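Produce the entire structure from the sequences given, and follow the hints as far as they go.
Residue numbers (my numbering), protein chains in the order written: chain A, 1 to 894; chain B, 1 to 124; chain C, 1 to 93.
One should not assume that every hint holds.
If you anchor each label on the Cβ, the simulated ranges turn out as follows [unchecked claim]:
(1) G98(B) <-> G701(A): 37 to 43 angstroms
(2) A448(A) <-> L30(C): 32 to 38 angstroms
(3) T756(A) <-> K59(B): 36 to 42 angstroms
(4) L122(B) <-> K705(A): 34 to 40 angstroms
(5) L662(A) <-> K59(B): 27 to 33 angstroms
(6) G701(A) <-> A92(B): 39 to 45 angstroms
(7) A664(A) <-> A92(B): 21 to 27 angstroms
(8) L122(B) <-> A880(A): 54 to 60 angstroms
(9) K669(A) <-> K59(B): 22 to 28 angstroms
(10) P223(A) <-> R80(C): 36 to 42 angstroms
(11) A123(B) <-> T756(A): 51 to 57 angstroms
Don't read these hints as lab results, they were simulated from the structure. It should be emphasised that the depicted structure is a prediction, and the values quoted were computed from it without experimental measurement. The beta-carbon is built from N, C-alpha and C at its ideal position, and this holds for glycine as well.
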Amino acid sequence: MTSINQLIGISLAYVAFLFAIAFFAERSAARGRGGWMRSPLVYTLSLSIYCTAWTFYGAVGYAARSGMEFVTIYLGPSLVMLGWWWVLRKLVRIGRAQRATSIADLISARYGKSNLLAIVVTVMAVIGVTPYIALQLQSVTLSLTVFSGPEGVRDPLNQASAAFWVAVGLALFTVLFGTRNLNANERHSGVVMAIAVESVVKLVALIAVGVFVVWGVAGGYGPMLERIDASPIGEWQMDRSRWVALTALSAAAFLCLPRMFQVLVVENENERHLQIASWAFPIYLMLMSLFVVPIAVVGLDLMPAGSNPDLFVLTIPLSQGQSGLATLSFLGGFSSATSMVIVATLALSTMVSNHVVMPVWLTTQGEGAQVSGDVRNVVIFARRASILLILGLGYLYYRVSGGGAALAAIGLISFVGVAQFLPALLGGLFWRAATHWGAVAGLVTGFAVWLYASFLPSFGPDAALSASVLADGPWGIGWLRPRALFGIEGVDPTVHAVIWSLTLNTTMFIAVSLLSFPSPLERLQGAQFVNVFEHSTQPREWNAALAASEDLMIMTQRILGAPEAQTLFRAEARRQGLSGHLPEPTQGFLQTLERELAGSVGAATAHAMISQLVGGASVSVQDLMAVADESAQILEYSNQIEAKSQELARTAGQLREANEKLTALSVQKDAFLSQISHELRTPMTSIRSFSEILRDTDGLGQVEKTKYASIIHGEAIRLTRLLDDLLDLSVLENGQVSLNLETGRLEDILEQAVVTARAGSAGQLDIQRERTNETQVLTTDLDRLSQVFINLVTNAGKYCDAQAPRLRIDVEADDVGMRVVFRDNGTQIPLGARALIFEKFARLNDKEGSGAGLGLAICREIMTRLGGDISYHPEPTGNAFVVHLPRDVALAAQ
Amino acid sequence: MGKHVLLVEDETNIIEAIRFLLSREGWQVDTHSDGATAVDTIRAMRPDLVVLDYMLPGKSGMDILKELRADQEFAKLPILMLTARGQSRDRAEAERAGVSRFMTKPFSNTEVMTAVRDLVQLAQ
Amino acid sequence: MSNQPPTPLFLERRSYRRRRLMDALRLLPLVGVLLWMLPLFWPSEAATDAALEPVPMSRAVIYVFLVWLGLICAAFALWRGLWSDETPDKDAA
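Shown next as C-alpha cells:
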C-alpha cells in the first residue's frame, strides 16, 4: 500500500508538473507561439472545472444513496451546451464585446455600469462559493486520510494542517499564474493549460477505476448490468420534483458560477471554440458519469456496511490491492479539487479587486485617476490580496465547520446560491426593459431567501438558526419556517429553496423593472446587450473634445503597462492617419479604450476613470447618471447630434484655419516676388538707362561719362550683392547649408569681423571692446558666425546717426550659454518697425548704399542654424543687437 | 517747348537718368521723392505731365493715381506710371484707375521719351 | 455567418438547407429536455400500483446514456453541416 508520505511526494511532484506546464504555457503565449494552446480542445477541457471533487468523489456517493438522480447534475450543463445557440452564444459574444472580466462585471455593465450591482453580485458570489472551496479542501484531506491507515490512528490535527498546506499551495499557484500579467482580456494561458491537463487526469482516473470495476471486478458488461439490477439501487426510484429541479438548477449554476463564467466567457478566445465545445463538452460529461453507477453498485457490494460511499473511488481499488490505481484515482480527485479552487479563486478575486477594492481605492484617491501613482501595481496587489483573502476564507470555513458532514451538502446549496444570478443575467440578455433596480431587488430577495431557507439551515439545528426557528418559525410564525415557507410542507428542502428563491427573485426582478425607469446609460447598454448581434445602437458617447490624449495615455500606461498602452495608442493614431503616437481622442477611440481598461479593472471602474479625465475631475458614475437622468430621452439622440455638430464645427474651423494660412502664404509669396522684382529691376533700370545714354548721346563731357559709368558700376555691384544675399538666404532657409564646424577664439572672430566691416562702411565707427571677456573658445561654423558679426558692425556703421557714432561689443554669460551684445548710440528703431527688422526686405530708410534689407534676415537664419538666436533690444540711448550662443557651442572646447 | 514735368521717384539714379533725358529735350523737370506729400505737390505745381513711380515711401503710386483721378481737376492729367514690381495685376489695376501709360522697369530711354511726347501731344 | 456563395444559382438551395439545419440546432435542446424528462412518467416507488413493474436500473442507465449519445451525435452532425467547412480565420473575423 502506498504510504502517506509517498502519496504526499507524488502530489508534490504532480503539483510541480502543473507549475511547469503553466510556466511553459505562459512563456510560449508571451512569445506568441501559444496558438495550439488556444485550441477548441483546450477550451473544452477547461470547461471541465465544472466537475469538481464533489463530482469525482461525491457522484458515486450520491448514486449509492439515491440512484440515478446524480446524473441530473450533468444533464443540466449538457442541455445548456447543446442549446448554446440560445444563451451561451449571446453570453460569449457580449462578454467579449464588453470585455467582461467576471459575471459581476457583466451584470454591472448591463445595468448602466452600476458598481452597486457589481458589489452585490460579488458579495453573493463570495458567500456562495467560499463553502464550495472549503468542500474541495475537505475532499483532499479526506482522501489523504484513506491512505493514512486504519480508523482511529488518524490525527485530526494532521488533517487541518494538510488542508492548510493545500490552501497555501493553491494560493501560491493562483497568485503566480493568475496575476502575472494584467492584460486587457484577463486571460490566463498558464492557468487554462494547467486545468486542461488536470481535466484529462481526472477523466482518465475515473474511467480507469470504472474499467477496473466493470471488467476487473464485475467480470464484464453483461454481469455488470445484472449486478446493477440486483443491487440496493437496482430499481428505478426517483423523486420527480428533484429530477426536474436539479436538472434546471445545474443548468442555471453552469451559467452563473463565477468560475464557469471565467472559463466559458473570459478565457474564450474564439466563438468557434464554443461551437465545438457544444458537442465536445457533453461527451466529457457523459464519460465522467458513465461509470458512476457501476462503481457505486460494486462499492455497495464489496465494502463493509457503513463505509463512506463518497470514497468508493479510492477504497475499492485499495481493497482490491490496486494501490497504483488508487494513487491515480487520488490524483484525479486532487486535480478536480485544485483546478476548481484555482479558477474559482481567480474569478472571485477578479470580482473582489475590481468591484470592491479598486472603487474604494479610487474614491480615497481624491485627486482622481490621473494624478495618483501606478494603478497597475495597485490592481495587481488588490488581486493578490483578494486571492489570499478568498482562500483564507475557504480555509477558515473548513476549520469552523469542522470539516464534517455539514460540508457534504454544500455543493447543491452553493448551486442554489449562485443560481440567483440567473434572472438578472438572462433578463439582461433578452429583456431590454430590465432595470438596475429590478436586478438589485431580484438579487437581494433571492439571496435573502437562499440564506434563510437553504444556507443557514444547512449548518443544522442550533448552529446558525436555532432549533425552534427551524421547527416553528421565527417568533413562532409557522408560515415563516425556513424549510416550509408559506406553509408549504413536505417538499424536498433543495427543491423548496430553489422554487422559493428563484420565484421570488424573478418576481421582484420583473416587478421592480416594470415599476422603475431605466437611466439612459442603462437603456443604451440594454440595447447593446439584447441586440448584440445587430450592433444597432451606440453606447453613450464621451465628449471627446475635452479629453486630452496625453492624460489618457498616462492613465492607460498605469493600467495596461507602458508597451501595451503605447502600442494601442500608436495603432489608433495610425488608423486615424496621424504620424505621431497620440491619436485624436475620438468618441470611438474612447469607447475602445474604456473597453480595454474594463478588461483590467472592470467596466464601472474604467468608466469612472475615463469620465474623470474626460468630463472633468469630479464626474463619478453617479454624477453622470444624475445628469443623464435629467435629460433622459434627449440625451440619447442629442449626444450623437451634438457630437456630429462638434465634429463639423471642428472640421470647419480646421478648414478655415488652413484656408487662412494658405491665403496668408499666397499674399506673402506675392509680396516677396514683388519685392525681389523691385529690388532687381531698380538697379537694372539705372544700368540700362545710363548705358543707353552713354551709347546714344553724342558729345558727353568726360566728367559726365565718368559719373554715369560709376553709377552703372555701383548699381551692378548692388545687383550682385543682392543676388548673393538672395542665394545665401535661400540656401539657409531650405536647410541645405552644411555647417563647417571649426574651433576658434571669440576674440579672433570678432577682430576679423571688425576689420572687415571697417574696410567697408564702418570706417568712422568708434568700436569699443573688452578683450579680456573674449577668451572663450567656440566650436561652430566660424565663417557664418563671423558673417553675422560683420553684418551687425556694418549696420551700426551705416545706420548709427549719432554725432560720434560708437559701437560697444560685450560678451556676457547667461543661463542658456553666452551672448554677444552690440550696443550702438544711434536713434532707437521706431516701435512699429522693431517687429519687422528681421524680416526679409525690411528697410528702415532709403539711405544711400543701403542693402536690400536681407542682412538681418540672413543673420537670423544663420543663428537658427547654429543653434542660437539673435534679438533686438532697445537701449536708453541707442540699440542693442544680442547674439545668443548655446552652451554647447561655447563649452564644447573649454 | 518748356513743358513742365513732375517726376515722382525715390531712386536717385533713376531720377538722374530721367532728368537728363527730359532736360536735354527742353523740358522743365521737377522731382519729388516722398509719396505722402506727392499729391499736394502736384496740386501746387500743376505740371503738364507726371512721371509716377509705383513704389514710394509713405504712399504708393497707385494710391496717388487714384486720388488724382478722383479729383475732377486732374482727371485728364497725363500720368506715366513706372513700376519695378513686375506684376501683371498691377497694370490692370492701374488701367482701371485711369493711368495714361504704364511702363515696366527697366525701360528703354526711347520708349519713355516717346511716351512722354505722345501724352503731352494728346493732352493738347 | 453570412457566407455568400459566388454562384447565385445555388444560393437558394444552400441557404434553405442551412436555415433548416439552424432550426434543428435550435430545437435540439428541447428534444433533450423532452427525452430526459421522460423518466418522470416511469413508475417509481411512489407509485404503489402493483400492476406496474418498476423499471430496472440497468435499463434506466442505458436509456439516459443512449439519449446522451444521440444528442451528442446530432449536435456533432449539425455542427459539421453548418460550420466545419468554415475556415477558422473567417469565423474569427
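Status of the hints after comparison with the structure:
| no. | hint | result |
| --- | --- | --- |
| 1 | G98(B) <-> G701(A): 37 to 43 angstroms | holds (41 angstroms) |
| 2 | A448(A) <-> L30(C): 32 to 38 angstroms | holds (33 angstroms) |
| 3 | T756(A) <-> K59(B): 36 to 42 angstroms | holds (38 angstroms) |
| 4 | L122(B) <-> K705(A): 34 to 40 angstroms | holds (35 angstroms) |
| 5 | L662(A) <-> K59(B): 27 to 33 angstroms | holds (30 angstroms) |
| 6 | G701(A) <-> A92(B): 39 to 45 angstroms | holds (43 angstroms) |
| 7 | A664(A) <-> A92(B): 21 to 27 angstroms | holds (23 angstroms) |
| 8 | L122(B) <-> A880(A): 54 to 60 angstroms | holds (57 angstroms) |
| 9 | K669(A) <-> K59(B): 22 to 28 angstroms | holds (24 angstroms) |
| 10 | P223(A) <-> R80(C): 36 to 42 angstroms | holds (37 angstroms) |
| 11 | A123(B) <-> T756(A): 51 to 57 angstroms | holds (54 angstroms) |
Violation of the numbered hints given earlier is absent; every hint is satisfied by the structure.
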